[in-house]
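Asks: Add chain B to chain A, keeping to what the hints say.
Chains as they are written, first to last, in the working numbering: chain A, 1 to 410; chain B, 1 to 410.
Some clues are possibly wrong.
As the list claims (entries may be wrong) - Now the stretches of chain B that chain A is said to cover, found in silico as 3 or more residues with beta-carbon under 8 Å:
#: 1; segment: 52 to 59
#: 2; segment: 85 to 96
#: 3; segment: 107 to 114
#: 4; segment: 228 to 235
#: 5; segment: 332 to 340
#: 6; segment: 352 to 364
What the hints assert, rightly or not - Quick partial rundown of chain A residues pointing at chain B, CB under 8 Å, derived from the structure:
#: 7; residue: I124
#: 8; residue: S311
#: 9; residue: T316
#: 10; residue: A319
#: 11; residue: K345
#: 12; residue: S347
#: 13; residue: G357
#: 14; residue: P361
#: 15; residue: A370
#: 16; residue: Y371
#: 17; residue: K373
#: 18; residue: G380
Please keep in mind that the hints were generated in silico from the structure rather than gathered at the bench.
Owing to the predicted nature of the structure, the values given are computational and were not obtained by experimental measurement.
Ideal Cβ positions, reconstructed from N, Cα and C, are used throughout, including at glycine.
Protein chains: 2
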Amino acid sequence: MSPLAPAKFPDLPEIAGVEFASAAAGVKYAGRTDVMLARIAPGASIAGVFTTSSTRAACVLDCQEKLAMRAPDDAGAAIIVNSGNANAFTGKRGQESVDKVTGAVAEALDMPISRVFSSSTGVIGEPLPHDKIVAVIDSLTQRLSPAGIEDAARAIMTTDTYPKGAFAEIQGEGGKIKIAGIAKGSGMIAPNMATMLVYIFTDAKITPARLQKMLSRQVDDTFNAITVDSDTSTSDALIVAATGKSDAAEIADLRSEPAKAFEAGLRGVMMDLAHQVVKDGEGATKFVEIRVTRARSNEDAHKIAMSIANSPLVKTAIAGEDANWGRVVAAVGKSGAEADRDKLKISFGDMVVAEKGWRVPDYSEEAASAYMKNDELVIGVDLGLGRASKSVWTCDLTHRYIDINADYRS
Amino acid sequence: MSPLAPAKFPDLPEIAGVEFASAAAGVKYAGRTDVMLARIAPGASIAGVFTTSSTRAACVLDCQEKLAMRAPDDAGAAIIVNSGNANAFTGKRGQESVDKVTGAVAEALDMPISRVFSSSTGVIGEPLPHDKIVAVIDSLTQRLSPAGIEDAARAIMTTDTYPKGAFAEIQGEGGKIKIAGIAKGSGMIAPNMATMLVYIFTDAKITPARLQKMLSRQVDDTFNAITVDSDTSTSDALIVAATGKSDAAEIADLRSEPAKAFEAGLRGVMMDLAHQVVKDGEGATKFVEIRVTRARSNEDAHKIAMSIANSPLVKTAIAGEDANWGRVVAAVGKSGAEADRDKLKISFGDMVVAEKGWRVPDYSEEAASAYMKNDELVIGVDLGLGRASKSVWTCDLTHRYIDINADYRS
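Chain A on its own, in the form it takes in the complex (with noise of 0.2 Å):
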């Protein structure tokens, strides 16, 4: 278990027209479910946003074709996933086992296949034993029950050491708006446009088009706004899914008080599961904040703080404690993006540590390294330039990251 990990499971609220059931399929792993079903009821609208990888697995680009589609007004939707095999660079038979696996959803909850949303996360290049998922559909659809979201977190895990839920309440138009989320994700973490699988459920009533709106312009600052290792995977899903079961008035205007508490509060969750995914990051035992401020540009804000985080030079310096600033220079310096020497200011925590070129005057060995003792930490790089800021989060770099991905094709 992570040493990042939350004391224990969040109490998710049931979300009106979301029921979920999870079943041990045997794809890979013995003695534990690896296969999660999610119905949503008619009416819902879906958003969701995938990895940019030009690599990616069958299910991603099944997925990115159907929210394409105009969905019938009363069609529900369903979402199912399986942990052990990515059915990623699987050639053609990768699309066919996406067929099998929504076909076989489509028919037992008797919705269109254009409905059924499907996620594949594991090892990479081999067949999908879509037979084995195949045969526990019917298990599945006769078991689905809106308390079993914890138990659809826990069947996509992978590598994770524990699952990993988020909620929100709102106050809406004349009624509450819940918002519940599951995520998954520990390795191959570097989201680019998306995240390794998050499920979002909410009882909102909005249109497609605003539910993704509000979801694509918070995944910058979210998903995308984290990195454990650097390596964006060829399965990062995102879906979110808006049943209309809430008895607050639709989000029509965007711009309303009752959408941005919306917005806000779907930020929240995401932010949350981002945040739990690199505590869980293989290996971690430290939670880096790398803050960066006073950037010309967004773009070179986000570079600079990305250049950092992925720096293993900096990530094996957390883990041995060491409060070695030399080497956050450094990964400025090679970002590419505008920086001057002499104006960069770093801090860890609250304290200065380097400016106007070199370390403060007053530096102190002992205060930066006790500080690097917590378990949370936050680098501050302020460049000295513009108005621009961003902060990403990642973790340190420790052996037990290498024990996990030398292991013979986990």
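Replies: Just chain B now, with coordinates in the frame of chain A:
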């Protein structure tokens, strides 16, 4: 000692017009040499390439300034290098240190300060104890010898486990031309238009402009094509000195056969040293060529090759001797370069493991695993899109890398 180290340091030829001396100044390390001085006879041509880091060290900025100046006709030149302290991010004091050290050398050797080039390598952000270096300069100048190049290679080492040298002898027009080079580098290796510390000496007759042109066009395929950990140094410097003492005629036409032979010899020495740097990569147990072919453009080929070479997941799989070609596919996908999943062909050595969007029908896990046990590996990626190709070289990511870098302020 790296398991990939060469059996012995090569017998480098003496280069007429170049002398070396080394000393133990106690900059940081005890019980070893840490300063080297090279004196180059009057009339030599000097060329150099340096890190593009925006936080580059004072000595790098100083070298760049001096190389941009027109050299007096009869001036000799000198190179003074210390290990143990990078004199990087040391503010105004950094340039003062450079001035003190190069000034002392200029005085001792009776040459203009503008012809004394310095490098520093080691910890970032600590004031350089330049007095310790100045104190050994008289002793160094008294012990200059054409045979001192191997000791010089040892004096510039930091976390290197072996000194690095390479040479070539070329038939010029009317005489032989010799080239001898030394390098240091082991971590923070992802050169960008330059490299670690590299010094190459030749007795060729060639103008500074022609020498710089050859150097600049060979650096992309040699030092800019290696990576240990994706971290670019603040101190990368590659300096070439041509003394003109060979009997061979001046290299005046870069399209002539002797010029081509000299450039090929220079490239060979650069490539040899670059590979030695990777083989001494911190914690390395495998030397890996990533060979990308049939990309749409040179930029795409380079992006894809570096994306694979810098992927922690690929590098840990290699450390674990796992033929995990799925991670190679993922690294191609995240690179941002054009790739078509269904045209991609991946091979390990001569063995094609995946093509047409999936692993080959006769894929043998045993054969692939057996191949991964080699010390030197070639991972081939044929994109099937165009005519551009690029090789880059890297090493695996092992526990030793973390041991070395999580150590307090290594």
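Asks: Taking the hints in turn, state whether each one holds.
Replies: Here is how each hint holds up against the structure:
no.: 1; hint: 52 to 59; verdict: holds (count 4)
no.: 2; hint: 85 to 96; verdict: holds (count 8)
no.: 3; hint: 107 to 114; verdict: violated (count 0)
no.: 4; hint: 228 to 235; verdict: holds (count 6)
no.: 5; hint: 332 to 340; verdict: holds (count 8)
no.: 6; hint: 352 to 364; verdict: holds (count 5)
no.: 7; hint: I124; verdict: holds (3 Å)
no.: 8; hint: S311; verdict: holds (5 Å)
no.: 9; hint: T316; verdict: holds (4 Å)
no.: 10; hint: A319; verdict: holds (5 Å)
no.: 11; hint: K345; verdict: violated (12 Å)
no.: 12; hint: S347; verdict: violated (14 Å)
no.: 13; hint: G357; verdict: holds (4 Å)
no.: 14; hint: P361; verdict: violated (11 Å)
no.: 15; hint: A370; verdict: violated (14 Å)
no.: 16; hint: Y371; verdict: violated (14 Å)
no.: 17; hint: K373; verdict: violated (13 Å)
no.: 18; hint: G380; verdict: violated (16 Å)
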